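Chemist: The primary structure of each chain is shown beneath.
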Amino acid sequence: MIKKFSISSIFAQLLLLIFVFVWISPTFGLFISSLRDKDVLAISGWWTSFTTTNVNEIYRTEGMESQVEENGYFIIKGKVFEEGSGKLISRFGITSKNIDEFEVGEIAIFKDGSEISIDEKGNYFWRSKEKFTKKKGKRIFVSATSPPSFTLDNYKEVLFKEGLGQAFINTFAVAIPSTLIPLIICSFFAYSLTWMRFFGRDLLLATVIAALVVPLQMSLIPILSIYNDIGALFGVAAKSFPGIWMAHTGFGLASTTFLLWNFLKSLPNEMMEAARVDGATHYDTFIKIVVPLSIPAFASIFILQFLWVWNDLLVGLVFLDKHPSEIILTAKLKELLGSRGENWEILTTGAFISMSVPLLIFFSLQRYFIRGLVAGSVKG
Amino acid sequence: MTIFSLALTVLVGILVFVLFFHVSNFLLDHFGKRSSKIFKLENSLRVIIFIAPAFIVLFVFIIYPVFETIRLSFYDKIGREFLGWSNYAWAIKDPDFRRSILNNFGWLLIVPTLSTFFGLVIANLADRIWWGTIAKSIIFMPMAISFVGAGVIWKFIYDYRGPGDEQIGLLNAIVVALGFEPQAWLTIPIWNNLFLMAIMIWIQTGLALVIFSAALRSIPSETLDAARIDGASELKIFWSIIIPYLQQTILVIWTIITILVLKVFDIIYAMTNGQWQTEVLANLMYDWMFRGGGDSGRGSVLAFCIMIGVIPILGWNLYQHRKEQKV
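Residue numbers (the numbering used here), protein chains in the order written: chain A, 289 to 668; chain B, 166 to 492.
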C-alpha cells in the first residue's frame, strides 16, 4: 500500500507522537530522577536536569584542626565542591539573611574579623590574625551554576542501605518456582485434557475455564487459614516461600492450563497416534514429542507468569512476612512509599530497580510476551 | 537466609515436582510393561499421575476456597458462629462499602472504555506509519511494570509543593506554567479517582494495543483497498469497516480489562490506601482481612461482591466454550 504524503498522514504522525510522548514521559522522568543527585532532585523538576541550573548550597568550612600558620596569619583552605563537579560559583554570602551578598573574588569579613575569599571553582581561602579556636567551621552560602550531572549514588544507597538488594533476591526466590511449578504440573494436566480419555474430562475442562475468571480474593481468607492451621499443627511458620509458591501456582493454574490446552489441541492428531501405535507410552509421547514442540508456547507462558508473579503485591503481602529476609520488591517499595514518601531519590531508584527485570524481559523477549497475551490470557 | 540456602530451597522445590512426574511414570512403565493384563489399570493410573497434582492444587486453591468464602460470609469474624445475613446487612449500611461500590462502578465504566478506545486508535495510527512498531513498543511497555512501580511513577507526577516553591511533579509544573494554582491532586475527592484511573489506563492501553494490532492484520486488505478506491475517507473506513470487523476483539479486550479492574488493589493501596474517598472493594477487603486481628466474615462478604461482578463473564465464557466444543 503506497500512501501519498498528505495532510492526514502528517496529522496521524503528530497524533501518534503525542501519544508516545505522553506514554513514555512518566517512566523516562522516573529513570532520569533516579540518576540525579538527591539534593537537586528535591528542589527541581527532572526536566531541568539536561540544562545548566542555578543552585544555592550551604557549605561548612573546615574547623581549627586544618589551620596552618603562614606569615603571621592563620589560614584554612578547602573546597566547597568535590573535584570535577563542574559547578561554577557566581555569588556567595556568609549569613543566612544575605546569601548572595558578595561576588566571586570579593573578600567577606566575619564578625570576628577573619576574612574569607572564594574563587569560581569553589576553592576558599580563610585567614585570620588570631588562631582559630572552634572545631566547627563557618557556614558559607554559595550560588552556583551546575552543569547536567548524573550519579549512581542513589542505586548504591538503595540496594545496600535500604535493603532492596535482599528484596530483589527474595523476589527471584518467589518468582522462579512460582513460574516453573505451574508450568510443570499444568503441562501434564493440559496434555491429559487434550490427549487422554477419561471420565469427567469435559467437566474438568469447564472447571478450568470457570476458574480463569475467579478473582483471587475469593481464595485469600480460606488459604491463609489453611496455612495458619498447618503452621500451628507442625510448629512451622505459616508464611513461607513454599507457601507462596503454591499460592501462585494455584492462582496461575487456570490460565497456564488454558493457554497450554489451546496450544496442544492445535498439534496434529496423527503424530500422537503414530507414536501410540509405535508403542510409546503417554509419558514418552509427552517428553519426546510434546515438550520439544511446545517450547515457544512454554516461553510465552513462562514470561507471562513470571512477570505476573514478579509484579504481584497482594499475594506477597498476604502469604509472606514483612521481615527483610522474606519481603518482596513490590511490598518493600510500598513500605518505602509510606516511610520515605518525600525521599524521591529512594523511591524513584527503588521503583526503577523493581522494574529492571521486567523491562529487560520485555525488551529482549517482547515477541513471546505479545504472543502469550494475544493467545488470550485471562488471569483469575 | 543467605543466597545459597535460598537457591537450594528453590531448587529443591522445583525438583520435587520434576521427580514426582519422572519417578511415578518410570515406575509405571517399568511394572506396567510386564503384563498386558493390567493395561487398563496402567492407563487409569497414568491419568491419575498426570492429573493429580494440578487437580489437587485447583481444588485446594480455587474450588474449595470459593465455597468456603461463601460459607464464611455468613459467619462471625473468626468463622465460628453463624450470623445469617448480618454481615451483608453491615455492608449495605457501611459508608466505606457504599463508597467502594460507587468507585468500582466508576472504574468499570471508565478504565476499560478508555483503554480500549486508546488502544484501538493507536493501533490504527501505528499501522500506517513507518515508525509505528517503535511507537507500539513504547506504549506497550507499561504492561511490564508492576502496579506499585507505576504507582511510584505517577505519584511523582502528581507530587505537590506549596504555591511558592518550585514544583517537581510534572502535572503541577505544567499547571503552574499555564498560570494556575498547583493542586494536591490525590486529595481532591471524586476527581482523585480519575487520577488513579489514569494509571490503569496508562498500563492497559498497551494490552488493547497489541491485541488490536494482531487483529487488524487479519482484516483482508482487498476490503480496505476496495473502500479506498471507492473514495471512502480513512475516518469512514475506521467506523464502517474496521470497528464492525473488530467487534469480537473489542469485546474480548473489554472483558479482560473489566476483570482486572474489578480486582484493582495495588494502585489504591500504594497511592492513597482508600483515603480521600478513593476506596475500592479489593482494598477494603484487604483492610478487613487484617484490621483488628481480621474479620473473615466481612472480608468474605467483600470478596464475594467482587465475585458477583465476574459471574456474568464466567457464564458467558462457559457458554462460548460449550458452543466451540460442539462444532
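Since the hints were derived computationally from the structure, they do not count as laboratory data.
Take the hints with a grain of salt, since some may be wrong.
Lysine to any residue pairs mimicking SDA-like chemistry, simulated, CA-CA at most 25 angstroms apart [unchecked claim]:
1) B:Lys491 / A:Leu552
2) A:Lys553 / B:Leu351
3) A:Lys553 / B:Val417
4) A:Lys576 / B:Phe185
5) A:Lys527 / B:Phe232
6) A:Lys553 / B:Glu207
7) A:Lys385 / B:Asp330
8) B:Lys401 / A:Phe299
9) A:Lys326 / B:Gln412
10) B:Lys242 / A:Lys444
11) A:Lys326 / B:Lys242
12) A:Lys553 / B:Leu173
13) A:Lys527 / B:Gln348
14) A:Lys527 / B:Ser170
15) B:Lys491 / A:Arg489
16) A:Lys326 / B:Phe247
17) B:Lys242 / A:Gln654
18) A:Lys449 / A:Asp609
19) B:Lys488 / A:Lys326
20) B:Lys491 / A:Leu521
21) A:Lys385 / B:Glu331
22) A:Lys610 / B:Leu335
23) B:Lys491 / A:Arg485
24) B:Lys488 / A:Asn550
25) A:Lys610 / B:Gln348
26) A:Lys326 / B:Ile339
27) A:Lys527 / B:Gly178
28) A:Lys553 / B:Lys488
29) A:Lys326 / B:Leu351
30) A:Lys444 / B:Leu171
Just so we're clear, the structure is a prediction, and the values are computed from it rather than from any experiment.
Chemist: Hints first: check each against the structure and report whether it holds.
Modeler: A quick look at each hint next to the structure:
no. : hint                : in the structure
1   : B:Lys491 / A:Leu552 : holds, 18 angstroms
2   : A:Lys553 / B:Leu351 : violated, 49 angstroms
3   : A:Lys553 / B:Val417 : holds, 21 angstroms
4   : A:Lys576 / B:Phe185 : holds, 18 angstroms
5   : A:Lys527 / B:Phe232 : holds, 23 angstroms
6   : A:Lys553 / B:Glu207 : holds, 24 angstroms
7   : A:Lys385 / B:Asp330 : holds, 19 angstroms
8   : B:Lys401 / A:Phe299 : holds, 16 angstroms
9   : A:Lys326 / B:Gln412 : violated, 50 angstroms
10  : B:Lys242 / A:Lys444 : violated, 45 angstroms
11  : A:Lys326 / B:Lys242 : violated, 46 angstroms
12  : A:Lys553 / B:Leu173 : violated, 36 angstroms
13  : A:Lys527 / B:Gln348 : violated, 41 angstroms
14  : A:Lys527 / B:Ser170 : holds, 17 angstroms
15  : B:Lys491 / A:Arg489 : holds, 15 angstroms
16  : A:Lys326 / B:Phe247 : violated, 56 angstroms
17  : B:Lys242 / A:Gln654 : violated, 46 angstroms
18  : A:Lys449 / A:Asp609 : holds, 20 angstroms
19  : B:Lys488 / A:Lys326 : violated, 60 angstroms
20  : B:Lys491 / A:Leu521 : violated, 48 angstroms
21  : A:Lys385 / B:Glu331 : holds, 21 angstroms
22  : A:Lys610 / B:Leu335 : violated, 32 angstroms
23  : B:Lys491 / A:Arg485 : holds, 17 angstroms
24  : B:Lys488 / A:Asn550 : holds, 15 angstroms
25  : A:Lys610 / B:Gln348 : violated, 34 angstroms
26  : A:Lys326 / B:Ile339 : holds, 22 angstroms
27  : A:Lys527 / B:Gly178 : holds, 16 angstroms
28  : A:Lys553 / B:Lys488 : holds, 16 angstroms
29  : A:Lys326 / B:Leu351 : holds, 24 angstroms
30  : A:Lys444 / B:Leu171 : holds, 23 angstroms
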